[in-house]
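Protein chains in written order, with the numbering used here: chain A, 13 to 513; chain B, 353 to 734.
Some hints here could point you the wrong way.
[Stated by the list, open to error] Derived pair list, reagent style SDA-like, types lysine to any residue, alpha-carbon separation capped at 25 Å:
1) A:394 with B:723
2) A:394 with B:724
3) B:355 with A:394
No lab work stands behind these hints: they were computed from the structure. From a predicted model like this one, the values you see are computed outputs, not experimental measurements.
Now for the letters of each chain:
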Amino acid sequence: MIEPQILEHPKDLLLRKERIPHIWCPGCGLGSALSALVDALRSSGLDLKNVAVVSGIGCTGRAAGYLNLDSFHTTHGRAIPYATGLKLANPDLTVIVFSGDGDLAAIGGNHLIHAARRNVDIKVICVNNFNYGMTGGQGGPTTPRLARTTTTSYGNTEKPFNLVHLMAACGAPYVARWTSAHPHYMKIAMGEMLKKDGFSFLEVIAPCPTNFGRRNKLREIKLLQRYLEQAVLESQPDIAKADIELDSPILCGKFVDLERPSYLTALKETVSAKVKVYDFRGDGRAPLEEEPVKPAAAKAPRKPAEVPSERPVIQRPVQIKLAGLGGQGIGLCGLIIGRAAAIFDHNQAVYTQEYSPEARGGASASSIIIASRQIHTPYVTKPDIMVIMAQGAYNKYQKDVRPGSHLIIDKDLVRPKDLPDSVRIQAIPATRLAEELGQKVVANIVILGFFTALVPHISLAAMQKALKGSIPKGTEELNLRAFETGYNYGKKRRQYRDHGY
Amino acid sequence: MGKDVLTGTYFLTGNEACAAGALAAGCRFFAGYPITPSSEIAERMSIRLPQVGGVYIQMEDELASMAAILGASWAGAKSMTATSGPGISLMMENIGLGVMTETPCVVVNVMRGGPSTGLPTLVGQADVMQARWGSHGDYEIIALSPSSPQEAFDYTIRAFNLAETWRVPVILLMDEVVGHMRERVVIPEKKDIKVANRRGPSEPPGKFKAFKPKKDLIPEMPVAGQGYAIHVTGLTHDERGYPAVEWEAQEKLVSRLVKKIRLNSAKIASWEEIGVEGAEIILISYGVSTRICRAVREIAREKGINLGLLRLEVIWPFPEKRVRELAGRINAFVTVEINYGQIALEVERCVAGKCITRLVGHGGGTVHDPQKVLEAVEEIAS
Ligand code: SF4
């Protein structure tokens, strides 16, 4: 009889003496599995201070609590993601998940398959006793067909998981299976897992005499004996034949042992060169040897800018709405206007953008409100100025053009109709001018220049600075020329037709 | 040193500002799952964290995201996740574990319209009671609500500081409008940003009990790898952290978890009073709705109505004492929120009939029409 030998070594530093006796039933396979882990840890040479054990819920889930290590007894099914957090926050830790089949393969099944795929370096020991022991022996995703449990009284009709096959299919670089009647092999497998850098999985077939055994007429030792007899040990077992039926052989051995870069290794290989940081860990202890690359948002000035002398004073908030088709870059125009007003003119600006699914293609709009004092209401309700770059956008947003407001359009692309007479239209062949500059895509910047010449609420200097900080490197010259083209076009027009701005 | 604080003046969305705030607060671990309207936080963190030697990981779902940030916190990380309605519902499971195991972490909920899938791209403020009571069991929690991108930056830092100080998951209740709107955000110099860190163990392993509270009811927190052989469990536990499934242990532990927030609520609760002195009617609001309330105040003033505004910076714990005090001297409280009455219930409870209470609420999808709020105020004033 394999009574958990750990109980005979109460001085064993790896157990929390004060928590023994454990809650497990006599003849339960959990003790042997835990005992094998203790042995494997002892001979691993690891600094046990850096070993953490995580469990979910269930009989097996209690294992974490008996080990005198950093141990975490989490929620049902979540041991693996919890362990993932531990490992990635402190990669110096060796993180072991010790939990049951119901916990890991049913409620935690999604985490199990993704962890194997992702290959975070955690060592998963899944004790499979074919049922939910803690709650009284209900059936689950590992219950063999025809087996009886408290919820499969007529015999289980579902096909159970072949867990080792599943793990191999998900890409786990180490997969093995033993029964609790094989303490020596369990220990060897666990020792190999402790050395492996990557996700490793060991299934331990263990008797639950109290529930599974009783209902299937296999009490205590008989059950263990049965597993021992059923076990087929092979050096290169065929994983596809590892399904478990009530009376079938239980194929044991090491199914997978290969090299694949672990999550952190892959992260370092892929990202290090790009950010010039060579270690990644969540606890903030990664040494930062070199300056990281400059992030995009850092283009704005480092210090709060001085309030410029030519700052336009805007008493009543001005509402601006820009509309165009996807790809015309109308959102960028809004962003530049907002940045110019908020950062460089030191006025207040609120920018919002349509986030409806329809904004993915077709016509969309962005809005900016500018004022010299605090702006409360974030949404544009009555635009004072509208900029429309395409007919499709005009058709959609024409309803927002209100009497007395200003409408700026691309002359060639928008044919305004059905507007109140009081709407003051300013038109520019923005796309044509952009094409003359060699790039149709800068039509938005042409119209932005035009806008700047006509609208007094944002200073030219602010707009130029915002523009420079908002366009991709290498396109500055083209964009500045586009802006100037639009601006000059607007200035000329303004001499002839000043509309009161 | 890599730059975690990018000092400067920016034009940011609330979501971007939140990510910047997290980094400034010392966050180096983010686990999340994409969901509108919060995804920009994850996107930004995925770019920024590697630049400062931190870890971004996209998990398989929100259950996993929440579990991962708890694990990371116990390995010494300041950790965060961000989500919205459907995701926060899934996170409730492990928010409970975080409360029970006193795990500092920050959970951002960029609120959209619900229930269920509701309005993925449009605003809501209906997860306020869920933030308070969403996980099973009895507990207290801390939640903050920014009303602008600048506050999204500032309050994210506050959220981390509160989580580290009081050892509880802190919920940042943003809303879609604040998350997506852009405004000027000033990121100060690193030296000017106040950052709080959890208190580590003051005793060596051996005698030390990981869940034995200090005078302020907060235990010192060792983390994995420090040699304390800690045991952390979601079961009711004793001061050593060992399961103790009995009513006496439950009473001792859960009452402390509740009291550590309740008895310290004067230190945690936070609100802004605008024109409250002398006001006959006071609006109570939070998040984007406070912006509308500010606009309403201006119109009301022009009409000669003396209208105050109590803006909740921290929603939970609620400024119970202050609301009670004010109720004795004013005519009415008007709660303005994008739901059909959540904080309004809390206001009613505190007011206990001492003044009129009204709700101006709606189901979400847009912000309040200032006119509707004004009408409610005028009706009381007349
Ligand atoms: S119920 Fe089954 S699995 Fe649980 S301790 Fe008893 S024998 Fe072991």
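- Query: Within 25 Å, alpha carbon to alpha carbon, are residue 355 (chain B) and residue 394 (chain A)?
  - Reply: 42 Å, violated
- Message: Tell me if the straight-line CA distance from residue 394 (chain A) to residue 723 (chain B) falls inside 25 Å.
- Response: 15 Å, holds
- Does the structure keep residue 394 (chain A) and residue 724 (chain B) at a Cα separation of 25 Å or less? 18 Å, holds
Hint check: a violation occurs at hint 3 only; the rest are consistent with the structure.
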